Amino acid sequence: MTVLLQSLISGILIGGVYALIGIGLTIIFGVMRVINFAHGDILMVGMYMTYILFTSLGIDPFVSIVITIPLMFLFGAFLQKLFINRMQGALPQNQILLTIGLGLIMSNTMMLIFTSDYKILSTSYSSESFNVAGISISSPLAISFLITAAITLLLYWFLLKTDTGQAIRATAQDREAAQLMGINVRWMSILAFGIGSALAGTAGALISPTYYIFPQIGGIFTLKAFVITVLGGMGSIVGATLGGVIIGVAESVSAVYISSGWKDVVVFVLFLLVLLFKPAGLMGKSRM
Amino acid sequence: MMKRGFVFVLAFCLALPGISLAANVKIGFINSITGPEAPIGENLTNGVTLAIEDLKKKGIDVQLLKEDDTGKPQISMSAMEKLAGQGVSGVVGPYTSACANAVAKLAEKYKVPLLVPAAAKEEITRQHLKYVYRLNAPADQYASSLIDAALAMGKPKTVAFIYENTDFGTSTTKTAKEYVAKKGIKVVADESYSKGSPDYRSTLTKIKAQKPDLVFMVSYVADAILLMRQSREIGLQPQAFLGGGAGFTTVQFAKEKEISNNVFSTTQWTDDVNWPGAKDFFNRYKSKFGKEPTYHAACAYQAMLIMAETASKNGGDREKTRAGLKSGSWKGIMGDTKFEDYDGFTNQNKHQMLILQIQNGQFETVFPIKFASKKPVFPFPKWK
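Those sequence lines, one after another, are chains A and B.
Following numbering that gives the first Met the number 0, the residues of the first sequence are numbered contiguously, the last one being 287.
Following numbering that gives the first Met the number 0, the residues of the second sequence are numbered contiguously, the last one being 383.
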């Protein structure tokens, strides 16, 4: 019983971070219909940013998101304005090539600057944990889960209640109609890519105290982000949140009851089953 | 006057390669220069760089043809085909077990002598391939030397395995399981994982429930740190943590004192061992590249020396080089080297593995006794 609860808790905690990555990707796709293959690499940039802030300025990784979020937002907005924007409406394969290329440039630039060494960010609480009824909970993961939850709620509020948020959703639902209603869709695209990047960067910052950092780490998370978004329904934020937690729990429960070597198989079988019975993903498509 | 000087310089330039041509050998080097294995690959590249410098001092000018396999067997294979076509006398590499194993058969096909510096999978030298040589000890040595050490210190009865589901991880664990069976130790958990997951807690919790005396882990670089961090979190408390392979022997791992202290690991090479030139190699490497060499660097260094010397002695002829590797013996930073046929291995160097324990953030050699610098700490102290 303890083992089951332990794996559930671990899964949910890590799922929270997955959700954050997925939400970023889904917003970008929803608004721009561009599949961002550089998503994992953007996360990697966020990790390095956290790493620099921690090692050279001594800023705690969880505090540093205050700096990481705006910087990553600007980085994303810059990418969108300079590169992605030009590909708006181009063939999907061209957009994919562009984002893959951007990702490669990011990971190789980081390799040039930081070498390919694994960087470990060791805070005083990196291997701390506390016990709740016999279940050990990693302190850094618990904190990052709380931050994730707060950011997700804030994002919901932003998208549902504010004018700009509604404009973003309108653009996602129908770009042309939104444009006819006087919404500046170009600006919305920049905003969406910025938010998506900021979320990926934040996720990077949040897992860096418990994970390790290297330039090629992006690929792992790009793949996860895809599974999460497609599972939840491309473009759906609720779906991505749900998808993240489901993947996190599936990974950790199957690691215990089957074998950790097989957990990816379980995740992908689950993924295929969802696609088979609900091709649009758990939460349908492009509803935000 | 200007013109004549220019002609002179030009003639000199043209003549220069001709002069060194006498001792010029073409050696291929396949390594993971980019890709996920790049952090370790870098050590091999640096080791080879130092070897080339030393060979130059000895009058052997090596024309090194570097190929990047990005850690993928298929790319490694095409690199080998390319090198065979470019007329190399021999090839050093590739780094990972999967790549080395794939390339081994090609080396035999094209009759190119291949010296594998640091890949551990046993099968590589177990296929009766005449052209394939290996410098490092194969994976079975990793496991058996660690378990022997544990048996010398206490009386463990149960063992749990957690390992990466790659060629290296599974083959090391497979032989370890056979070895513990012989020694009467019971396997209570057998868990493989795919590398790069951020969370191993659930697997470790499952292992903790079995209360094993020994926990045997096999992993590459950074997963080792995560595994130990999370072991501490959930309070996994065996008599000893045995770390097989790469991840547990990095300086980075040792630096994480809170979680790495008293973990045992095994390695092919350390700088405090009394093999000739080991300390010197360590110092030179550190001053040149700004970081400490891993055993991979030493293996690659020695492998390149052996390959280039043998090839140049035999005028770059592949067949003669192969015979030269078979009959030769060397003494260097990797101790005594000789390629022998034994226990089903072909052209395998009987390399002595060293058992290390991290004490106060430093790797100390604790077994075999004749190379030991410190006494081992056993059993594993309670987590703080």
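In short, the hints are calculated from the structure, not lab data.
There's no promise every hint is true.
Derived, one-sided and incomplete: chain A residues facing chain B with beta-carbon distance under 8 Å [claimed, not checked]: (1) 2; (2) 13; (3) 116; (4) 122; (5) 124; (6) 137.
Small disclaimer: the values here were computed from a predicted structure and weren't measured.
Positions of the beta carbon are idealized from the N, C-alpha and C atoms, including for glycine.
Cross-check of the supplied hints:
{"no.": "1", "hint": "2", "verdict": "holds (5 Å)"}
{"no.": "2", "hint": "13", "verdict": "holds (5 Å)"}
{"no.": "3", "hint": "116", "verdict": "holds (5 Å)"}
{"no.": "4", "hint": "122", "verdict": "violated (11 Å)"}
{"no.": "5", "hint": "124", "verdict": "violated (11 Å)"}
{"no.": "6", "hint": "137", "verdict": "holds (5 Å)"}
The structure fails to meet hints 4, 5 from the earlier list, while all remaining hints are met.
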